[in-house]
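Let the hints inform the model, and build the full structure from the sequences given.
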Amino acid sequence: MNRTTVFLLILTCFALGLTALAQDNDVAVVVNPENAASNLTIAELRKIFAGEKRSWASAVPVKLVVRGPGSHERETLLKLLDMTESEYKHYWAAQVFRGEAQSEPIVVPSIGMQREAITLYPGGITLIEAQSVKPGMKVIKVNGQTPGEPGYPLQ
Amino acid sequence: MVRFQTLVVSCLLLTGQSFAQASGSRDQETIRLLQQQIQELQDRVETLEEAAADSDSTDAPHPGPQHQPAADQPAEPNQAPIVPAILHESHGIQWRGFGEVDYKVLDQRQPELSTFGFTPGSAGNFYTGEFALFLTSRINDKASVLSEIVFDELLEQRFELNVERLLFKYDLNDHLRMSFGRYQTGIGYYNTHYHSGRWFFTTADRPLVTEFASKGGLLPTQAVGVSVTGLLPSGRLGLNYILEYGSSDTNRPNIDGSELPTDEDNGNHVNLGLFVRPDAIPGLQVGGSFYHDNITNQDLTPGVRLGQTIVNAHIVYVRHGVEVLNEGFLIRHAQEHSQTVFNMPAFYSQISRRLQRATPFFRYQYANTNPRSIFEDVLLRHGPSFGARYDLNDNIAFKAQLDHTMRKGKPNLNGLQLQLAFAF
Chain A
1 MNRTTVFLLI LTCFALGLTA LAQDNDVAVV VNPENAASNL TIAELRKIFA
51 GEKRSWASAV PVKLVVRGPG SHERETLLKL LDMTESEYKH YWAAQVFRGE
101 AQSEPIVVPS IGMQREAITL YPGGITLIEA QSVKPGMKVI KVNGQTPGEP
151 GYPLQ
Chain B
1001 MVRFQTLVVS CLLLTGQSFA QASGSRDQET IRLLQQQIQE LQDRVETLEE
1051 AAADSDSTDA PHPGPQHQPA ADQPAEPNQA PIVPAILHES HGIQWRGFGE
1101 VDYKVLDQRQ PELSTFGFTP GSAGNFYTGE FALFLTSRIN DKASVLSEIV
1151 FDELLEQRFE LNVERLLFKY DLNDHLRMSF GRYQTGIGYY NTHYHSGRWF
1201 FTTADRPLVT EFASKGGLLP TQAVGVSVTG LLPSGRLGLN YILEYGSSDT
1251 NRPNIDGSEL PTDEDNGNHV NLGLFVRPDA IPGLQVGGSF YHDNITNQDL
1301 TPGVRLGQTI VNAHIVYVRH GVEVLNEGFL IRHAQEHSQT VFNMPAFYSQ
1351 ISRRLQRATP FFRYQYANTN PRSIFEDVLL RHGPSFGARY DLNDNIAFKA
1401 QLDHTMRKGK PNLNGLQLQL AFAF
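Chains A and B, in that order, are what the protein sequence lines are.
Heads up, the first sequence is in this note's numbering, so the first residue is 1 and it goes up one at a time.
Heads up, the second sequence is in this note's numbering, so the first residue is 1001 and it goes up one at a time.
Everything labelled a hint here was simulated from the structure, so no lab data went into it.
Predicted model only: the values in this text are computed from it and were never measured.
Please note that a few of the clues may not be correct.
Far from chain B by the CB rule (all over 10 Å, computed), these chain A residues [said to hold, decoys possible]: (1) 36; (2) 39; (3) 40; (4) 54; (5) 74; (6) 90; (7) 102; (8) 110; (9) 112; (10) 139; (11) 150; (12) 155.
The calculated BS3-like cross-link candidates involving lysine-lysine, where the alpha carbons are at most 27 Å apart (straight line), are [claimed, not checked]: (13) A/53 x A/138; (14) A/53 x B/1142; (15) B/1142 x A/89; (16) A/141 x A/53; (17) A/79 x A/89; (18) B/1142 x A/138; (19) A/138 x A/79; (20) A/79 x A/134.
Even for Gly, the Cβ is constructed at its ideal location relative to N, Cα and C.
The structure is reproduced here in structure tokens:
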């Protein structure tokens, strides 16, 4: 075994380890299985979760389903919107008060309930930890990347 | 060579440990989820038991969800936790309330109209300002109703009830959202974004020019009619429009102490606004609006009909706890069958920065009206305001604001306003 081989082996090991940890942190964007969307840019995703984009291309209204404070998905959401928890609450209260949203996003405490809500609402969209995604959930790409791919933007 | 082999083995062990840690954390997560699901199941049982008890104790029919479940939807019992939310959205009314308690100290000798707002009343007064009840109800996916009912404090702790907004809203898609009813006119940024709940304001009051017309403000702040808004195809520019046609029917009280009302006897107005929210700079909004109506100056005999045009331009940045609001207005009154035209400018600039719970702010405002116009009671007023908002929690804020207002032909005004604003 020469030095180059050993060095490459070490690099591979590190890469594998880092990938495993990164995949653990990735958060998937899940929509209703009937939704035709397959990819969103990060800017579009931000507008959707900020309530600025309120309908899909098919004119079906967007229905936001989010996790409660303290969850990894909530942290990812706040990072996406670049807000603190307090700013997020204030922001949505104002959105509803201005009439720019029918209601605040539905808050659910578990992945099972996220799945139920997404199935129930044709325009439903939610963030779920990639490792918790179950068969039957429709995961859409973000900036052309799926969770687990290097450079995936939602963690 | 042995050293290299040791290194390779160590590396493999570390990698394995990394996977093991990931796997371990997954196990812990699984346990946590299982515990959570047990709790959810218990909650579901409780919910179902309560529902069963309710159905036993009353004959009232239970509304069913309007939303038809998808074909692959789980069985009914599994939906129990989110069914209440759906019922609430489909049939219920969502209520929110906003209130305030204020104390204001002023050094004015001759009291002007109103207990708060544009022209404060006598010195050292407590008042409750606006108590707003806001309700929304979703009719279906696209239609909803919104209303804002405000109890305004008048003099001597009497209150009047105002339906500040009552809207039937229909959102066809992102490009066409319609509202029918009483709305706040889309003149500029502030009047579109801020309504009665002062808990939303950084400052203790509205900028002078955007004060409600019913409290002496210069703009026709409310109207009954149709408002259409939406996104125009513009890619990353984020170009939006707002188009309104309605009757503002403004009746504003003079603010110079005479308390004489000015009925503007409006016609129907048209208002067109355009603004951009570019993707490249989240939080930035740049835009303007053009408003036109015909009103009457009834101070003259006989009354003179005026063409009222209000042009607005604004540039606003709100993000990362930073708020920069800049708005300019030109209110133009042109007498019919005459060359007489009054151009009356007004603006405000406001800047604030959130630091943890405290948000210090500074605002400068200016209005300059013509003494021969229907705003003869306002004239030149300008000056700075500064203070701070302190958020005690997510629903309660305390504000302190100092105002210095310079008035043409009258003594300067200095004021201190303390406000406890809350949402519930």
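Subject >> Contradicted hints - numbers only >> reply: Violated: hints 4, 6, 7, 8, 9.
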